[in-house]
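Novice: Respectively, the protein sequence lines represent chains C and V. Taking numbering that gives the first Met the number 0, the leading residue of the first sequence gets 0, the next gets one more, and so forth. Taking numbering that gives the first Met the number 0, the leading residue of the second sequence gets 0, the next gets one more, and so forth.
If you're looking for bench data, these hints aren't it; they were derived computationally from the structure. Check the hints yourself; a few may be wrong.
[To be verified] Pairs of lysine to any residue, SDA-like flavour, derived with a Cα cap of 25 Å:
| no. | chain 1 | residue 1 | chain 2 | residue 2 |
| --- | --- | --- | --- | --- |
| 1 | V | Lys4 | V | Leu106 |
| 2 | C | Lys257 | C | Gly401 |
| 3 | V | Lys20 | V | Arg45 |
| 4 | V | Lys4 | C | Glu210 |
| 5 | V | Lys20 | C | Gly214 |
| 6 | V | Lys39 | V | Ala78 |
| 7 | C | Lys277 | V | Arg5 |
| 8 | C | Lys285 | V | Leu41 |
| 9 | V | Lys39 | C | Ile283 |
| 10 | C | Lys277 | V | Val56 |
[To be verified] Label-pair ranges, simulated between beta-carbon atoms:
| no. | chain 1 | residue 1 | chain 2 | residue 2 | range |
| --- | --- | --- | --- | --- | --- |
| 11 | V | Asp36 | C | Asp374 | 38 to 46 Å |
| 12 | C | Lys243 | V | Pro13 | 19 to 27 Å |
| 13 | V | Phe122 | C | Gln327 | 28 to 36 Å |
| 14 | C | Ser259 | V | Lys77 | 48 to 56 Å |
| 15 | V | Lys77 | C | Ala288 | 48 to 56 Å |
Every residue, glycine too, gets a C-beta built ideally from N, C-alpha and C.
Chain residues, written in single-letter form:
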Amino acid sequence: MLEDQLASSLKSVRDTARDPSLAKLAAIVEACPEAMIACGSDGRVETWNAGATQVFGLPADRIMGRNVSDLIAEGCREEFARLLHEASVGMARMLFRTLGQHDDGRFIDLSMSLSPLRTPEGTVTGVGVVARDVSALRRAEDEAEIGRQELVEREAALQQALLALRTSHEELKRTQLQLIQAAKLDSVGRLAAGVAHEVKNPLAMILAGTEYLLGMPAGSNAPAAEPVLRDIRAAVDRASAVIKGLLNYASSTELDAKPSDLHAVIDQALGLTQHAMKSGHIHIQKEFASGMPPIPLDVHKIQQVFINLVINAVDAMPAGGTLTIRTQRKQLNAGDQSVGHRRTDPLRVGESVVLVAFEDSGAGITPEHLSHIFDPFFTTKPTGKGTGLGLAVSRTIVALHGGTIWVANRPEGGASFTVVLRSATK
Amino acid sequence: MERKKRILLIDDEPAFTRLMKLNLEANGTYDVQVENDGRKALAAVRSWQPDLIFLDVIMPDIDGGQVASEIRADPRLKAIPIVFLTAVVSKNEVVERGDVIGGQVFLAKPVTVADVVQTIEKFAA
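The shape of chain C in the complex, shown without the other chains:
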């Protein structure tokens, strides 16, 4: 029996030595970085390549004759023994994962295949074990999984942050609108005296007219009454327009932009500030561009901006002067204030805008005030005359319309405030 085996082995060695292709195959097995082990049907290690020494840290002489299961970590040994047994009765198991143990004690992630070794007649004489150390791959997989988990957590955190940001943006918008309303009521107080004046004047006309008509002798000619009635009618319309203007101005709280007649909005603002201008001896010079298309505006909010700018101009000219209001259509270029190329820039080069410039003939703005002029509560006016909210709120309103306000001193003296508004909704 032993002689037979010996004879067979010798034959095999001789065959190998004789057959150059088998020699090459043996060289490949030896050079392969994977562990290639042949065991008997009982699991004892019979051949052991250099790759196996590399993977398990064991030289061939220390493993030969031992059970291949010794290479497997304790917890996985039972499962491995079952698979090994199945292979020894002819059932291959390819590319499964198991945990091996290196000679130095550390665990090795293994990708393993077990194949029955058969004689040319088909009899299973043992099991071929091919094992690859996939610890690095496993670590990378683990890290990838951790990374994925972190990504999921981060995405959740981002979602939460986005939600918080949206909430705070809504909150900010509400606060802005409240601030706009507060500043508006402040200016309503300022306008009220002027509005009372603007209403009392037509009332005086109505009273004078009705008294004249009441004093006319009965049966006197109707044609004489007609111009008086016309004057009364005009006075009623005038008082009504002033009151309606003030009420509309004071009431709106939400931002509601619709295509609007920009020049009509400027004229309404001038109507409400007429008293301030007349008593301040301010001449108005209007230079309105022709063919102005409807502009998306919240009429009452923009009116608030124009009223603020007119009142500031009046205050800037205590000895009287000229307020020029100029409108212009323009395509923005790189030299314009606060205009950029980035997607996040509120106004971009090449964009079509309309400009509404308010130019006074006052003393202008000192350089140290110029940089603070839009700061909330910044004011150069005497206590009780201004809250310092007018320009801050005006800029907010214009920004809510997607525009901006430019400020500059004019070379010929005085200051110029230019409201920049988009020609169309973005």
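Start from chain C and add chain V according to the hints.
Specialist: Only chain V this time, still in chain C's reference frame:
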């Protein structure tokens, strides 16, 4: 026959001066001129020498205060009584102070013709 009293109405609201002139002339005893511009009004005061001036306070270019100071600065005109007829003061304010605020006579708009006539009779020589 006694000369009609000359009343000059200075106010930048043409409809108001037009209607008040109609009322005062209907009364039959007044000669009324109106001016809607402060500078032209000064010229009218000099050339026409009214017996009483009703003067608006807030007017463009030159306001009622300036018109009054120029009249007072002119020895030939300074005796002409001036009544400020304006919407800048309230009726209560005027009544409480007996028609005089800061040494000036005031009438608050809106004003009845009877008040205007009473004021003329009280102050015009």
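Novice: Now tell me if each hint is right for this structure.
Specialist: Okay, the hints, checked on the actual structure:
1. Of the pairs offered as hints, the one joining lysine 4 of chain V and leucine 106 of chain V holds, with about 19 Å between alpha carbons and a cut-off of 25 Å not exceeded.
2. A threshold of 25 Å between alpha carbons decides the hint, and for lysine 257 of chain C with glycine 401 of chain C the separation of about 14 Å falls inside it, so the pair holds.
3. Under the criterion of a C-alpha separation no larger than 25 Å, the hint pairing lysine 20 of chain V with arginine 45 of chain V is consistent with the structure, at around 20 Å.
4. Distance hint between lysine 4 of chain V and glutamate 210 of chain C is fulfilled; the C-alpha atoms sit about 21 Å from each other, no more than 25 Å.
5. A C-alpha spacing of about 13 Å is found between lysine 20 of chain V and glycine 214 of chain C, which places the hinted pair at or below 25 Å, so the restraint holds.
6. Between lysine 39 of chain V and alanine 78 of chain V the alpha-carbon distance is near 20 Å, which keeps this suggested pair within the 25 Å criterion.
7. As the CA atoms of lysine 277 of chain C and arginine 5 of chain V are separated by approximately 28 Å, the hinted pair breaks the 25 Å bound.
8. Distance hint between lysine 285 of chain C and leucine 41 of chain V is unfulfilled; the C-alpha atoms sit about 29 Å from each other, more than 25 Å.
9. This hinted pair checks out: lysine 39 of chain V and isoleucine 283 of chain C have alpha carbons roughly 21 Å apart, not beyond 25 Å.
10. The straight-line distance between the Cα atoms of lysine 277 of chain C and valine 56 of chain V is roughly 10 Å, inside the 25 Å bound, and the hint therefore holds.
11. Judged by the Cβ atoms, the range 38 to 46 Å given for aspartate 36 of chain V and aspartate 374 of chain C holds: they are separated by roughly 43 Å.
12. Roughly 23 Å separates the CB atoms of lysine 243 of chain C and proline 13 of chain V, a value that falls within the hinted 19 to 27 Å.
13. For the pair phenylalanine 122 of chain V and glutamine 327 of chain C, the beta carbons lie near 53 Å from each other, so the given range of 28 to 36 Å is not met.
14. Between serine 259 of chain C and lysine 77 of chain V the C-beta distance comes to about 54 Å, which sits within the given range of 48 to 56 Å.
15. Separated by about 51 Å at the C-beta atoms, lysine 77 of chain V and alanine 288 of chain C satisfy the suggested range of 48 to 56 Å.
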